[in-house]
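S.K.: Residue strings, one per chain:
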Amino acid sequence: METTGIQPGLDSVPSLRLDARIRRLRGGKTLVAGPRQALELSETAEFIRSRIDGASTVRQIAEAVVGEYDIDFGTAAADVLELIGTLMEAEVAACAP
Amino acid sequence: MTADDYRACLGELTGRGLLPEPRLAVFAGGSLVRGWGNARSDLDIYVIAQERWRGETTELARVALQPGTVPVTALYVGDRRWDLEYWLESQVDELFGKVMEVPAGSDPAGRHLTDPELQLLERLSHAAPIDGDDWLQRRQEQRAASALGTIMTLRALHYQDIYIEDAVGQLADGDVYSAVLSARLAFRYAIDALLASCGEFGESPKWFARRFQAACPAQLSFDDYWSLETMRTFDPATPEKWVEEVLRMCQRIASETSV
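Protein sequence lines correspond, in order, to chains A and B. According to the working numbering, the first sequence is numbered sequentially starting from 149. According to the working numbering, the second sequence is numbered sequentially starting from 19.
Where hints are given, some of them may not hold.
Stated by the list, open to error - For the chain B half of the interface with chain A, some residues (derived, Cβ under 10 Å), not all of them:
hint, residue
1, Leu36
2, Thr168
3, Leu265
4, Ala272
5, Thr275
Worth flagging that the hints you see were computed from the coordinates, not collected in a lab. All residues carry an ideal CB built from backbone N, CA and C; glycine is no exception.
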């Protein structure tokens, strides 16, 4: 069962809330919005967001970031967890433990 | 019908006293012109002039322009019904004024376009000239340079969001039947947005399959679209699963459709 109240870890499985709104703007920027807050995502954040599919773990998403951006796993994992936290705060995403 | 067949309409219309003098253009649009028609399809003809049509009128179509109506005349030529709409040049100018740029502010783009206005804009792109070719070409070029595609995409995404929110709320409340219906509507508008972003838009969902095949969007195959459109994976025992599947697809479409 997913919840917005947990602290995600590497084995957590994030998913977008069904009512999260997404707009892809010409020029490459992506906007996501929950009921009360909208966020503009950087290219890296959008890469991470696009891999939140309700099946992939944080670890798997971080590994994808490593492959795409050639950074160390620790940095990638921290970036993924930070974004997921931001998305959860904005009620765009939720996380299963 | 061939290009010559459409040109031949001029004689029929003139003979019946259904064309104003002077006039700027006459053209045919709609399913027959696009090659989607059948034996029962109407022929939709647009007449553009500087002065209001004062002749025979079957009804007045409401538009959000000045004046607020467009006279319409219906007639039968042989077995086929012809629908003539008489637009003023000033109304067409005003209509284009609404779509040359994406409107600023919070009011959803395209919300104040009535069905007749949308039909005219849609049909301009595939119109068959009957008279006044230069006028038609100029308006087609104007349409191509407008923000119409973006406006229609944003409009559809706005309605998609509304029905997604409805479906989620209804699911949470245990109103699963309503959630299924809301999800269907959300999907309709997701597809509408996707096709509009490819330059294919229209006011009637009955042509979605045709428009999908014409647009051939990279984001979604026709088979995947048709599977959801026909509810192939819907299981009456677990309707909430189908609702979630559809809403996830809507999200995916929104994330891959540029505005």
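S.K.: Looking back at the hints listed earlier, which ones does the structure fail to meet?
M.R.: 1
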